[in-house]
Amino acid sequence: MTTATPRAPARHFHPLRIALYAVLVLAALFYLTPIYVLLITGFKSSTEAQNIFNMWVPPDVISFRAFQTAWFGAADTVGLQQGFWNSVQLVVPATLISSMIGSVNGYILAKWKFRGADLLFPLILFGMFIPYQSILIPLVQTYRIFEQFTGIKLFSTILGLIVVHCIYGIPITTLIFRNYYASIPTEMIEASRIDGANIFTIYRYILFPLSVPAFVVVLIWQFTSIWNDFLFGISLANDPRVYPITLSLNNIAGSFHVPWNIQMAAALLTAVPPLLVYIFLGRYFMRGLMAGSLKG
Amino acid sequence: MSPKHRNWERVVSILLLLPSILALGIFVYAFIAWTGYISLAKWDSAAPDFTFVGLRNFEHLFIGDGTDAIRFRYDLRNMVGFTAFFLLSCIIIGFGLAVLLDQRVRGEAVFRSIFLFPMAVSFIVTGVAWRWMLTPGEANDPVGVNIIFTQLGLKNLQSTWFTDPTIAYLSPDSGVGAILNSIGLGFLTTKDFGYPLAITSLVIAAMWQLSGYTMALYLAGLRSVPDELREAARMDGASEVQVYRHIILPLLQPVTLSVVIILGHISLKIFDLVVSMTGPGPGFATDVPAYNMWKTTFDATLFSQGAAIGLVLLVLVAILIIPYLRYSIRAEAQV
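Residue numbers (our numbering), protein chains in the order written: chain Z, 2 to 297; chain Y, 3 to 337.
Mixed in with the good hints, there may be bad ones.
[To be verified] Just so you have them, the derived chain Y footprint on chain Z, three or more residues with Cβ under 8 Å:
no., segment
1, 35-47
2, 93-106
3, 237-251
Quick caveat, the hints were computed from the structure, so don't treat them as lab data.
Source: prediction; values computed, not measured.
Note that the Cβ used here is the ideal one computed from N, Cα and C, for glycine as well.
The following block holds chain Z by itself, in its conformation from the complex (with noise of 0.2 Å):
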């Protein structure tokens, strides 16, 4: 799929111009609603959040008091800093192994096509549309089993969520390099093989130094994908030390007890890392999607 390229904006307004404008604006106030309760909501004072009936009007008052406690936690709330750190340690690794496992797959199956590849590769990809219902309780019994015969902790830890990520991952990451690499002409390799080159120096030497496009859209899909995940840290965290910080926004989130402004300050908090990637790497972002719906 191409990436959209936008044209010429047309220069007279017509009364069907100032419609199409009104609808557009009208669409992107609705998108931005919940942001604009995130934030409103997140700077009131507890006194000020208490009085729900005026939900829409923003704060008379600045107040940072809510995004304190939502980071720090307070006597009766658990704060989202440890799962703010989980993350980052399950994601960094997460991310960077399984887009070197992608790297190397795509290549392969780009490049040293091998009889039974092309039914191979449906087989994989498959990988990424399951239901993770279906994988969920062999999983954590095969996390139990190897404890026993290891004695590597994988249940209830960040190495545990790591592995999983970076096996549920190969599908997605292997396809996006897949299709890159095979839209970089065999030819270049064909050449490079006359100079004697062998399996590894071509994709240390030729394709490696190509692949930081594809390396970026790979690593901002998984970063987001695994920063966001919920059920394989529900399913296999156990303990609030190991949490994700999707977790602790949805224990924060789902006890009665915790302010309206607490929890839309978590929300918000949670959601930051993500959407500074979308901003800053946003064309990235989008040949990711793209890649997401099968085509190259």
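Please build the complex by placing chain Y on the supplied structure of chain Z, with the hints as guidance.
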């Protein structure tokens, strides 16, 4: 390059792929088979129990009027209702916005980023924000969007949102209902085939998150239609509407197929949003198979029953995905 491979490189290439193949072989295929085995066992407490009980767990889900069967029927009903309205709203809004943005709009990039950013946040964040906005309050003391409806004088748009236990269904007394009854399809006029109004809240939140993505897919599709093709049609006297109707829409069919598959599989698996926004809802009005599986397995420790639900969900997703994978791979092979 393939015929010239040296043999050792051929071996190395397979060796490099082997760890991934093994990992997916175990974590996807063997685990699915293992889930299948568990679904045929009697494991209904914290301690594993692999006593073979045949299809009993599936019978619990599909046959009779036990609590499990009623709940699972509601799950499937809710999943269908959610999927239908979610897909429909995303396609209409996504396509509409894409067509509007394709009209040489000033500030297109800004609009595009605003429509698309919800895609970057977690379903948990979405759920927390929308649960707050759709908190109903009381009819005379409204909260959330109900306040806005009141202030705009649209009081009849007020709703009890995700707390609404109402199931809309075709009454057997209605004209169509009577016809269905007379041809032996009377079961369609029961609450099992209705639409729970509480689901609408989930649809709105999910639509907020993914309609911009749909817009982006359609916009990319529109941009790939060559300008010459539009020009040629205009030269032949086609109106702007006719250009869309006869030239562009048919060319966008593959995009619509992608949208249906991608959003469809997300929608069948919807879990995080339900957890953070509604839970099972009044009378299981917002319960879905993915949520039920999780609760049944890890809260109620009915592992075999949970495995059965997980498998049914897998089959539903596979029915959608496998033909699509075959189609895409074949389409790719032709290029």
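Margin query: For the segment 93-106 of chain Z, count the residues whose Cβ lies under 8 Å from any Cβ of chain Y; is that count three or more?
Written below: holds (count 3)
Margin query: How does the segment 237-251 of chain Z fare against chain Y when you require at least three residues with a CB closer than 8 Å, holds or violated?
Written below: holds (count 3)
Next item on the list: Establish whether the coverage given for the segment 35-47 of chain Z by chain Y is satisfied; the threshold is a Cβ-Cβ distance below 8 Å, and no fewer than three residues must meet it.
Entry: Since 4 is at least three, the answer is holds.
Hint check: no violations occur; every hint is consistent with the structure.
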